[in-house]
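2 protein chains.
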Amino acid sequence: MDRAGARHTGADSAEGRASPDTARSPLTERSARVASARKLTRRAGRERAGMFLAEGANAVLESLDSRTAERPRTEVREVLATSEGLRRVPEIAERCAASGVPLWTITERAAACLSETVTPQGLVAVCEAPATDTATVLAPRPSLVVVLLDIADPGNAGTVLRVADAAGAGAVLFAGETVDPYNGKAVRASTGSLFHLPVARERDADTVLAACRGAGLLLVGADGAAHSDLHTAEESGRLDVPTAWVFGSEAHGLGEYGERLDVTLRVPIYGRAESLNLATAAAVCLYASARRIRPDVK
Amino acid sequence: MDRAGARHTGADSAEGRASPDTARSPLTERSARVASARKLTRRAGRERAGMFLAEGANAVLESLDSRTAERPRTEVREVLATSEGLRRVPEIAERCAASGVPLWTITERAAACLSETVTPQGLVAVCEAPATDTATVLAPRPSLVVVLLDIADPGNAGTVLRVADAAGAGAVLFAGETVDPYNGKAVRASTGSLFHLPVARERDADTVLAACRGAGLLLVGADGAAHSDLHTAEESGRLDVPTAWVFGSEAHGLGEYGERLDVTLRVPIYGRAESLNLATAAAVCLYASARRIRPDVK
Chain A
1 MDRAGARHTG ADSAEGRASP DTARSPLTER SARVASARKL TRRAGRERAG MFLAEGANAV
61 LESLDSRTAE RPRTEVREVL ATSEGLRRVP EIAERCAASG VPLWTITERA AACLSETVTP
121 QGLVAVCEAP ATDTATVLAP RPSLVVVLLD IADPGNAGTV LRVADAAGAG AVLFAGETVD
181 PYNGKAVRAS TGSLFHLPVA RERDADTVLA ACRGAGLLLV GADGAAHSDL HTAEESGRLD
241 VPTAWVFGSE AHGLGEYGER LDVTLRVPIY GRAESLNLAT AAAVCLYASA RRIRPDVK
Chain B
1 MDRAGARHTG ADSAEGRASP DTARSPLTER SARVASARKL TRRAGRERAG MFLAEGANAV
61 LESLDSRTAE RPRTEVREVL ATSEGLRRVP EIAERCAASG VPLWTITERA AACLSETVTP
121 QGLVAVCEAP ATDTATVLAP RPSLVVVLLD IADPGNAGTV LRVADAAGAG AVLFAGETVD
181 PYNGKAVRAS TGSLFHLPVA RERDADTVLA ACRGAGLLLV GADGAAHSDL HTAEESGRLD
241 VPTAWVFGSE AHGLGEYGER LDVTLRVPIY GRAESLNLAT AAAVCLYASA RRIRPDVK
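Heads up: the protein sequence lines correspond to chains A and B, in order. The first sequence begins at 1 in the UniProt record's numbering and counts up by one. The second sequence begins at 1 in the UniProt record's numbering and counts up by one.
Derived by calculation from the structure, the hints in this document are not laboratory data. A hint or two may mislead.
Pairs involving identical chains hold if they fit within one copy or between any two copies, as the list cannot separate such chains.
Said to hold, decoys possible - No farther apart than 20 Å at their CA atoms in a straight line, the calculated lysine to aspartate or glutamate pairs in the DMTMM-like style are these:
no.	residue 1	residue 2
1	39	274
2	185	94
3	185	133
4	39	78
5	185	128
6	39	259
Okay, chain A solo, but in the shape it has when bound (with noise of 0.2 Å):
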């Protein structure tokens, strides 16, 4: 809460800047700070840039958080919102004033602009992607892991984040071809995770495997086709340890990293469902082991 630290404040333009004693004109769509932010609502746009959009005024509002949190910490390089997004909300100005954040008002066009949501909110916050790997999150030796390996749904991905940070997990590692963290979609649906939970990107998988071994991590395989059931296990002591969970694609599951894992455990089906959706049985998975570890209690 330095107001000493922060960034911009001399360089911007006055117009579209909230301030609390001027009323300026809400910056548009066409103007350049919105284009540039648009250009962040695409996966290369973000790459390039290194940010992406917290879009709302929950994963507002967690992004400004992040800033002064331990670990992981995001920084917020500005808001853009509208002013009626203001008047719902009228924490995140507080907020961004406290902290030194630059907040400017836009359009309702500009929100529409910025959202991939049918109804926008006119909240959206511009954050750096932290610069992390997938050695730096495994460090601390977190006791319960996620992997996520090609998983296509960016819906999927962000609930599972959400899971994770409720079963305690300390990292989420997105390995392979899987859906972009940073995307819209995948921001929303973990409702504030993607802030609190350390997550990594690497596109190959058998070093996001190799590096939790490396961590002590026992490498479980959720599959549906598998012969040991996650009750079974659990009840044995085999989730007694540091765990990686590892969930394969929604479409072609664990494929043949099945077989380098230590373990594939199936939940099972009691009824006459073909299987659960990813999120659901990630949470079984996950629940399961934070049951044995209770990763909370260090």
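With the hints as your guide, set chain B onto chain A.
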């Protein structure tokens, strides 16, 4: 699979009827058959007709299987399909023929009219909503039951149905102002489980709770603010009895109903997430009960 049991076989006009020997012109969106099916995309239309639509290859095949199931049993009035859809999923024409369910080809535009998805699969079954009630579905004394109370989102309702099926629940009760289980999005999200599990609707939630109690079920509510947590309850043997899990609205939880249940439990949050979403919370709760009750072992 009794051909003699087929209805409608004589009365239908030949136009549009898919048959192995002749190619007729497909039904358009202006045909009476498609127009009357289209009414089932709205709740009022479904309630008036007592029928609903099951869309997509998986749902159509499940509905056809359900006709010969022990319980629940759904009657399929007819299947409407584009020729492209039938080419892609040839089992549908085979199963319709084998079971005497009328099959009609429709145009792509007619399929789009009947679909609530962006990319319609061109495969729709017109089904009768089973006429049942809470007392009937509880009569076989299931050991695990799910009560959905004021759940607004059809995707959530369908996903919980799928989880309930996987966890071996014997019934799902839609209580209060809960979304229609036969809503197209709910049917899709259930991925066939709507055809596996007896489902009943009752607007008076107290009637549902009383019926569950009368059926010997412990009434357990999921509540993020409850004092007792799920794992402690599970370890103490509290969940070793026939249980009705009650899940409240996404926005307001159990509300006043919490006090009328035997116990409310929270899923412990080990990390910094504020909560789990409905489907993942239900997965953790229902599998905790399933682990204890093993509903497959009757």
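Is the C-alpha distance from residue 39 to residue 259 at most 20 Å within one copy, between copies, in both cases, or in neither? neither (40 Å within a copy, 50 Å between copies)
How do residue 185 and residue 128 come out at 20 Å by Cα distance, when the copy is not named: within, between, both, or neither? Classified as within; 17 Å inside a copy, 36 Å across copies.
At most 20 Å between alpha carbons: which applies to residue 185 and residue 94, within, between, both or neither? neither (26 Å within a copy, 40 Å between copies)
Within a copy, between copies, both or neither: which one fits residue 185 and residue 133 at a CA-CA cutoff of 20 Å? Answer is neither: 22 Å inside a copy and 39 Å across each miss the 20 Å cutoff.
My question is about residue 39 and residue 274: at a cut-off of 20 Å on alpha-carbon distance, are they close within one copy, between copies, both, or neither? For residue 39 and residue 274, neither the intra-copy (40 Å) nor the inter-copy (30 Å) Cα distance is at most 20 Å.
What label fits residue 39 with residue 78 when the C-alpha limit is 20 Å: within, between, both, or neither? within (15 Å within a copy, 48 Å between copies)
The structure does not agree with the numbered hints 1, 2, 3 and 6 stated previously, though it agrees with the rest.
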